[in-house]
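A.B. asks: The lines below spell out each chain.
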Amino acid sequence: MNFYRTGTSGTTIGLVVVLVVVVIAAGAYVALNPGGGVKTVTSVSTATSTATSTATSIATSVATSTATSIATSTIVSTATSSYLPAATVNGGGGTLVYPLMSSWVFAYTQLQPNIQVNYASIGSGAGIAQITAGTLNFGESDAPLKTSQYAALPSGSTLLTIPISDSAVVPAYNIPGIASTTHLKFTGNVLAEIFLGNITMWNDPALAALNPGVTLPANPITVIHRSDGSGTMYAFTNYLSDSNAKWSSQVGFGTSVNWPVGIGCKGNEGVAGCIANTQYSIGPLEIAYEITNSGAINYGSVQNHAGNFILANLTNINLAVKAGASAGLPAGNAPWTGFSIINNIYNDSTDTQVYPITTFTYALVYQSLSASYAGTSQSQAVGAVNFLWWVVNSGQNAGAKIGYPPLPSNVVALDDTTLSSITYNGTPVYTGS
Amino acid sequence: MEESSGIQLTSAKGIGRRRRGGDQILKGLVASAAIAVVILLLALGAELIIHSSLSLITFGPSFLIGTTWDPVHQIFGALPFLFGTILTSILALLIGLPIGLGVAIFLAEKAKGRRMFGYTLGTLVELLAAVPSVIYGLWGLFFLSPILRTYVETPLHNYLGILPIFASAPFGLDFFTAGVILAIMIIPTVSAVSRDILNAVPNSQREAMYSLGGTHWEVIRKAVLPYARSGIFGATILGLGRAVGETMAVTMVIGNTPRITASLFSGGYTLAAVIANEFTEASYPLYTAALVEIGLILFGLALTINLLARLLIWRMTRNTRFRV
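Protein chains in written order, with the working numbering: chain L, 1 to 433; chain Z, 1 to 324.
Next up, chain Z with everything else stripped away, as it sits in the complex (with noise of 0.2 Å):
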């Protein structure tokens, strides 16, 4: 970026003396709008910080590894909500990354000769972005779980309840449930990141694949999706963020029960979801503190996946020669 902006300035500072006062302007708006974003971060962590001091003191590192929340005791521990948040979001990534990518390996490969129909499926996809969350959550707790619970669950638990991951009896309202909502939430993000990166693999990657006698499905598999690896990546870690910090519809469908249990049927609870529901009454301090330290931990875990993101980004495309 500093680079660019570099190039920029220099070409215009041979154009001519009138526009260098307009080219400082600019560079500092832009600078300070880059500035701004940066202290707001610090602040946001700050005071994240400031407001769970009591509880950071009180429980010190065994806050996170606490498996009891109990507001009337006034003892508190988060690794259930940890828990919940990392395995829905996990569930969300196994369902809904498949889906996504195969959404746009769709609309970038083979609807490429049918335009309106592409088009048409292309915004309907990204639409189901712009439904609210809470729709979604009364959608997934009046419909999606009932049909959930009956005809996948049910079914999964009668002929396969001797694995861990299927063995307590089917809710409706437990991880699986939260997983599919928030995989149908994130197919949206992957999809429409994913179809451009594909979109902007050059077609000569293409034409030496066929050129070589390759099949349709050889030229996406060796050729086309090798190249947009990383990108496909970081559509990958967009749609995560996405599942970790969602809230509304996850509280909705995820039975709201502070559990680490490996049954998928079991009910769950995740960060973003105590805070919504139990800050409005939260009525002494301490209480209050530990849902901030709850808030900070799930500020902490949202920059840990987006760090780890780009230095496995960065790590990618320094041993190859593919780049998007």
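One chain only, chain L, in its complex shape (with noise of 0.2 Å):
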């Protein structure tokens, strides 16, 4: 009648099934993964990206652990070089460049084992929040700060703009019949139109105009966006805006808008999905994952101010990034807001090559550090500085193994200009180690 006192047999056979349920579950979970299913950024080769660019907190947790007892073996054999005074620093903010971050991170701590760099992916808003509060070594945003965000800044500091990395937006899609060697061709304008719901069908004749020799089936659209608030959306809905005057007025641009058609899913990865998972879909991706999963969705190239339609690669978005540049970087301690590389280039048709939907993501540090800025001490500045350094400079090419394009050399001279000017207690900070 009452089961719960089984025996000791009905509980431990019990406990044994549950156990082989566990154990099928877990092997089917783990033979399923690399075929398709959640695709993480793992298909990189070497031992630095594999460790880092699952973009989990597992891994970066591994991954510090492996860099701790590598840096262990590394002080033994060489103790007299010059490591920098023991410190962690605290950084912050936007996760588009999370898994470069963790990348970064793994790489530096094994070549400057004393520093311990902790970076949490808040968010460019919590970036920027905590950055004012004083609460981070280093603050990270994917747009630049608003006026009022400026505004909010403790009084009398001056928080530098460092330009680390970039990224580009792809229009993503599934369209069984279309061979994965095709890619569409798309216009700002002809995106903005389908974004905003008015090109409903694969066939419109906008989108057949563009792609002539294309068989477009007569099916209809669905559009699929990122749900949570993104650098992404943010450089994507940019874009729109200034393409089409209606996306700008009715929509405008921001990490978060509301979206008049479609369907909002979460985070990159969680687009890719639904793309995958939805024939005749379109959505904006992050290039680091076709990159990264080449293949896996195909994606258009689109029309830049030249005329050419660019299907994004390193080469382009690298492209981008430097014209955007050279049609003028503000100075790091100056305020960058409004500033944005898609806006310097949509008008610019010297350079042909450009991507059109290319984005900086910054790091924010105050330029006079002190204690009393959420008490950052001598050997914190030292290393946040010293890491950020190394980010600009060296780390560049660790980016473009997982899909972020190196800066261009413009680009790395503003920064190297802008991390000199940091001083701790009226001394210059970074002192070329």
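To be clear, the hints were calculated from the coordinates, so they are not data collected in a lab. Predicted model, so just to flag it, every value in this text is computed and none were measured. One should not assume that every hint holds.
To be verified - Covered by chain Z, per the in silico footprint, the following chain L stretches (three or more residues, Cβ under 8 Å): (1) 120-130; (2) 156-162; (3) 222-229.
No residue lacks a Cβ here, since even glycine has one placed at the ideal position from N, Cα and C.
Both chains are sitting in their own frames, so use the hints and assemble them into the complex.
C.D. replies: Below is the structure:
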């Protein structure tokens, strides 16, 4: 009657059955994972990025512990080299750069075992709020600060804006019957009309005119976008606003907008999953996904101002950043409000091979550091500045492997000037180690 | 609760002076724990009101009936999220309650002779409750949603598309999928609590019904279930509580579209999901305040459901001899 009083055998058998089921489930999950399903960024083969590009906190902790053991052995062998003084550097902000930041932190810990960099992927808005409150050594944001955000900074402080990486957004789609070697062509205006819900069919005359020779299906377009606030959507909506007056007035641009049509999926991986699962869908995807999951989801080329249809790759994104920066970057200690590579190259017809939907992501540091800013110690200031110096110089190559194009030389030069200007109690921090 | 603790203290007094000090300490400890919970609840409510004050002042009551959520133009209305939360929770109950109750009845009434089988099945069902919700979300997004779209939603849409609830073209990431995921998540809660309630029904109830010539089904329906009614209702409320507050799994399968529509196959949004999605990138004070006010509404909704449930249970038990 009362099966709570099952004997030992009942309990044991029950537990064994449960255990077996759990093991089978785990096995099935592991077996299925590489084939399809959840695509984490694990297809990179080098030790550095494999350990970190999975972009999970588990990976980070594993990476950190691995780094510690490597570092320990390094210390034993080269005890005389000039390591920086021990410090824990706290940074935090945007999620777009997080996989790359994990990779950087891992690599930098191998070079400077005394410097422990913690990066909290809390979102750009939170990154700005935390650096304003002085609780981080450096903040990170996918969009430059607004005027109101500059006004909220501690009085007398100067917050430096340092582009540390870049990314691009591609129109990814899932259309059965179109070969993966064929890349549909889009213009900013047509993309805006699709995302406004005005172009609803794949065989719309506007799309057909752009893609002669491609048989477009007579199926309705399912629009997919990010549901969480993100720098990726900031860049994409910025481009749509430049391209289409109706989008600009009705929707505008920001990390989250009021999407007129479509379905929201969480995170870049979520958007990728939704597109992969939904026939006849289109959605904006970070280029990093396309580079690390080559061929998984097809994506289209976008027309730049010179009239060329550019299929995003590391080279033309790099060119876009270079062109966007040549049009004039603000000084590192000046307000960057409203700065946008997308806007700068939107009317640029001299650079013919630039990919138009390209964006910066920024580190934010105070120019005059002292114990009064959240008790930043001298060793923390040294650690933070040296880490960022390494990031914008040597660290850029690490990005290419996981889909973040290296910064062009004109941006690196500006960043170096900006970082050199940081002082601790009036003394310059970076000494060129 | 107070009565019983009073009785214990009285009996302790009779045993001897030596133990009175310990009792006082115990009383202080448990009382402060109880008071701390109340204070925590009040502090939570106060904090939500303080941090949403900017939004409360700016939008007033229109926040509750506003249907536009536009962070760029700083217009915020919560109605689509409230609608989505209530609709998905009701769907979850409609699907999950019969199944959860069925599991409970099977375990308590039918699986009695087979102890190992019943124990294993019970443990497995309860294991569902231990699965983190993000796993449900990933599974829902990559596995369940395409299957539901192809084998459930598309036939329903094709044959019953004239009904408003099946009117829009199936997409797979919608109210319906969110409801199914939530149903799976509340089944262990409903079944585990209901099973314990059913086990607590005295055998005299069953024996009386059998002696009147009742079949097994009649015994369950007329003797066991009515006796356990208020307890099962409590189990339902626990399940509903989980459904209302569930965030991660819902966010990944509901489509995150602030929309009020009769169609279950349309993308929707819930209160918890919009907070999870947008809080990290909320870049100006009014935006943050609006999201905190969404939290305040969720808090209020959960409190209201619990209060209504208490009221209903109180009314049910007052008018009946059956109590569990």
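A.B. asks: For the stretch 120-130 of chain L, count the residues whose Cβ lies under 8 Å from any Cβ of chain Z; is that count three or more?
C.D. replies: holds (count 6)
A.B. asks: Quick check: do three or more residues in the stretch 222-229 of chain L have a beta carbon closer than 8 Å to a beta carbon of chain Z?
C.D. replies: As far as the stretch 222-229 of chain L goes, the hint holds, because 4 residues have Cβ atoms under 8 Å from chain Z.
A.B. asks: Using a Cβ cutoff of 8 Å, are there at least 3 residues of the stretch 156-162 of chain L near chain Z, or does the coverage claim fail?
C.D. replies: Our answer is that it is violated, as 0 residues pass the Cβ test (under 8 Å) against chain Z, missing three.
Going through the hint list in order, the structure does not satisfy hint 2, though it satisfies all others.
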